[in-house]
Amino acid sequence: MDEVQASYYDGLTARSQPVRLSLNGKLLTVSGDFLTRHEPLSSLEISEPMGDAPRIVRFTDGAHCEVIDHTAFTRLLRDAGISDGLVVRMQARWQWAVIAVLLTVITAAAGYRWGLPAAADWIAGRLPDSLLAGMGETTLEILDEHVFGPSQLSSKRQEGIVHSFARLRVPTGSLPAYSIEFRDGGRIGANAFALPDGTIIVTDQLAEIAGDDEEILSVLAHEAGHLERRHSLRMLIQGSIVGFVVGWYLGDVSSVAAGLPSAILQARYSREFEREADRFAMQMLELNNIPPVALARILQRMQADMHCAISGDTPGNPFGDYLGSHPATSERISTLAGDKSLVAEIMDSACMSPLDDAGIEEMMPGSWVISPDDPDHEYGGVIGEYRADGTKQTVFYVTNKCENRVATTQSRWWIENGYLYTQVETSDRPDVFDEGELFKDRVVSIDSKQAVLFSEDGYRLYRTRSNRCLNE
Amino acid sequence: MSSNNPVGHTEKLTFSGKGGEYFRIWIVNLALSILTLGIYSAWAKVRRLKYFYQNTRLADSSFDFHGDPIAILKGRVIAVILLLAYNFSGMISPQAALVTFALLVLVFPWLIVRSLRFKLHNSSYRGLRFSFRGTNRNGYVTFLLFPLLALVTLYLLTPLAHQRIKRFQHTNSWYGSSQFAFNAGSGAFFAIYGKMLLMAIVLIALAAGGAVLMQPAAFTAIGAGQSEEAMAQLVSSILGFMLVVYLLLFVLLGPWFAARMQNLVWNNTTLERHSFASNVHARGLLWIYLSNFIGILLTLGLYKPFADIRVARYRLEHMAFAPVGDMDAFMADQQQSPTATGEEAADLFDFDISF
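These protein sequences, in sequence, are chains A and B. Residue numbers for the first sequence follow my numbering, beginning at 2 and rising by one. Residue numbers for the second sequence follow my numbering, beginning at 5 and rising by one.
The set of hints was computed from the structure by calculation and includes no laboratory data. Note that beta-carbon positions come from the ideal geometry of N, C-alpha and C, so glycine has one too. One thing to keep in mind: the hints can contain errors.
[Stated by the list, open to error] Sample of chain A residues lacking proximity to chain B, with all beta carbon distances greater than 10 Å (derived):
| no. | residue |
| --- | --- |
| 1 | Ser8 |
| 2 | Glu49 |
| 3 | Asp53 |
| 4 | Ala73 |
| 5 | Arg76 |
| 6 | Leu132 |
| 7 | Pro172 |
| 8 | Arg280 |
| 9 | Asn418 |
| 10 | Glu457 |
[Unchecked claim] A few chain A residues facing chain B, derived, Cβ under 7 Å:
| no. | residue |
| --- | --- |
| 11 | Gln6 |
| 12 | Tyr10 |
| 13 | Ala54 |
| 14 | Leu104 |
| 15 | Thr105 |
Next comes chain A alone, as it looks inside the complex:
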């Protein structure tokens, strides 16, 4: 029977004693100059092979042997019928290392692609509403402090939007609890956001650039899609998990190096969420007989608002679509419009050249009436005659009866910084129209036939060049 050289330590002192190990049936015999032990194999704890490190045979009383002669010891173990564990055998072979690399990469990729969204979805669905409410409030407070201003839209206009949205039918039956808040968007401009607690923020600028109410409703439907799928919450959860995993994997390298991949990995989800919200909005709009192209139109307007004359998200940047948090607007518009020629039309119409005051002043003179597509059209006839000398006469009629004049006012008008100012000077019915009242409307567009104005209280006004009391 072979003998294996080893060092013996009794566990009581640091003394090292040379011993020989040999197998004796089911017993391991340890023999040295001052000791002999016979231990049943089953009571021993034998360390896993760790490269050149000595193998360690541990006894129940705290004593142990260290063996350096690996070949002899392996032979002894084989004779004893002791084999390595599964993990040890895996660690010993390069084939397993390659398999482990592949397995790691595949699992990580699959986890990222399917596992993480599913996990975030699962967690998001189980967080208590009180937690969400707190999160939303905090976010809104921070935004109010740093970005937003109080809304300039009239409360009537705000309620109008809220009520029309509340009347829409929802593909999933009903929306999660939500509330719509209006704010002056400040430097954020035309935009809308959904916070985790169900608050949807709409900026005044969004209401201002919207061509009609359907466009505003389509944005609200998109935000409702974010709420319905709990996107902002899932985003937060996924962000925490991705940051945690990347930090754990690369943590020792550098926290700077770890931050960048997290940001890139997050961007993909964000684009996915936008597409998901668009799909929800499409369903909701179709259900209410609103063409989804309304969302396409306002998307283009929002983009034009940020960057006029650029028709792609980031032209010349091949990584734009991979790194961007939103899918390219053109891609979203194609999906929503479902028609390429329509896309071109939307792209062109949304980006209007800015109007200069002198240009407006030149176009303004003449008679204007309320257009058939104006929200106020049904209320009655109005003829406003703008004269080149800066005076204006406005005649109001009762609905459908041009001879039934109600009131006439004389005003002054002028253009300043793209706004049309009108101040009433005299009125023959002061009980209906106050003298001295000042109106300030932004001129959105004006040509030989039509003018589009945006009133201070948040309405889009359409005027047609005509002198008929009610333009049909």
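Following the hints, complete the assembly by docking chain B onto the known chain A.
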């Protein structure tokens, strides 16, 4: 193999870990950890530590690690809960985050003491266990009071806090029935920090000088009060400059500091009459850190196990133990019977301070 060393003889630490070998352990660990959603990571940590400990040899004997994966798992669960609590409280409100942060700060010293105990109780050499006997009270003084002191003095007392931490760790460590001692005063720590600060100032000045030479246009532009475009260009070049300086400081001064600190700490640590010696060179460590960093970046992290082995080898093989007389004379601590240690160990858990 009895080691009756004559006075003045030193025993060098040797390390027999190999990159390729450890890579296989590491990647199998990683794959299993991912497949088990992180649960296996506790067993992975035990394997990793066993690999490093058992491959570290001193005077023909190996170190060993005995940690229970369950205890490590417990610690990881606690760490994840604390991390989640901190993250989520941040989402609720800044006040909630502040309260959670304060609570974390309060439990942290307790967790560190627990973790040190776990680490040393589960380490052995020649069949004798190490142990850590620092009290919670001193743990709070060391890991809370002194860092706070450093904070309120605008980091002027950081070297003192650092010295207190090392002193706390080393003077409360035992090998069997023998206690370690730590003789480095705070002066030596202040000296290292001071030198590092001086070097940082010189490096920043050199980098700033270089930047002015390379980008004269941008600087004349501010002189003349130039356009917005020039200002934007300047701001971006200043940001780039700061990033370069940060990396430069990190790359050059990091290894220097680590080398000086290891030498200071171990050259001033004794175990009864026996002493330690450490002569890590900043240049050697710099090369290892730098090449590791590049290797890890180029291989998307697959070089990590090789990098870990290189650092461990360099740091360990530049250390030696200088025993006075017979190394066999160390005794197990009789007051700590094996069963008592076992019971105490059941209350222990590992806590990764890196979290």
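Query raised in the report: Honestly, which of those hints from before does the structure not fit?
Result: Hints 1, 2, 3, 6 and 11 contradicted; others consistent.
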